[in-house]
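Asks: This is what each chain is made of:
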Amino acid sequence: GAVVSQHPSWVICKSGTSVKIECRSLDFQATTMFWYRQFPKQSLMLMATSNEGSKATYEQGVEKDKFLINHASLTLSTLTVTSAHPEDSSFYICSASTGAKGGYTFGSGTRLTVV
Amino acid sequence: GENVEQHPSTLSVQEGDSAVIKCTYSDSASNYFPWYKQELGKRPQLIIDIRSNVGEKKDQRIAVTLNKTAKHFSLHITETQPEDSAVYFCAASYSGGGADGLTFGKGTHLIIQP
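Residue numbers (our numbering), protein chains in the order written: chain E, 5 to 119; chain Y, 115 to 228.
Keep in mind that the hints were calculated from the coordinates and are not lab data. Computed from a predicted structure; not experimentally measured. A hint or two may mislead.
[Stated by the list, open to error] Computed list of lysine-lysine pairs in DSSO-like fashion (alpha-carbon distance at most 27 Å, straight line):
id, chain 1, residue 1, chain 2, residue 2
1, Y, K220, E, K68
2, E, K24, Y, K156
3, E, K24, E, K59
4, E, K70, Y, K171
5, Y, K220, Y, K171
Can you build the whole structure from these sequences, using the hints too?
Replies: Encoded structure:
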């Protein structure tokens, strides 16, 4: 089945630094990648949608200059949290689709803690 | 945009009994309705999904029903077991794996009492 690998699984960083999270589709080409954020005991909230080779589309309220998304190839998308602050601490999960009605494949998630 | 409401937020049932979780959505253009099970710190796992051209779908102990007119869909779990304890999320999207992402409900914490 379709597999999405997400790294790192957890990261602790100092306030003001940047953190990069990678998602790779291992056995299929991900036309579209979605990035979600999940605060403790809350639901998943869509942050942005990225298509290979084009700029990401951000949901209302998500700062595009703070959450940089790059989808340079059909198998790799990255999310960079810039100038991280404690309120950015969350569980970040990517999800890929092939662009057809094939459903969504989720990465394993990244637990970000900003201290 | 789409808005998905999910109830109840917590559901406690005796082992062996049935559990029902309900969701409503706001946008009649939504066509894909998956249900996910999520354990603490893990990725959501798809347990069943339904598309708008189908009213009901069943997979062993799990079933989902969809009422497009009323814009609501429900998850039914029969003969519950301790391993069913988890947080369950309903979601909706327009295309189901195409160009749009998922809008999730707030989740239901299902507790199976032994």
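Asks: A separate judgement is required for each hint: does it hold in the structure or not?
Replies: Comparing the hints with the structure gives:
1. Y:K220 with E:K68: 25 Å, holds
2. E:K24 with Y:K156: Holds - the C-alpha atoms of K156 (chain Y) and K24 (chain E) are around 20 Å apart, at most 27 Å.
3. E:K24 with E:K59: 17 Å, holds
4. E:K70 with Y:K171: Given that 27 Å is the threshold and the Cα spacing comes to 41 Å, the pair is violated.
5. Y:K220 with Y:K171: Distance of about 23 Å is within 27 Å: holds.
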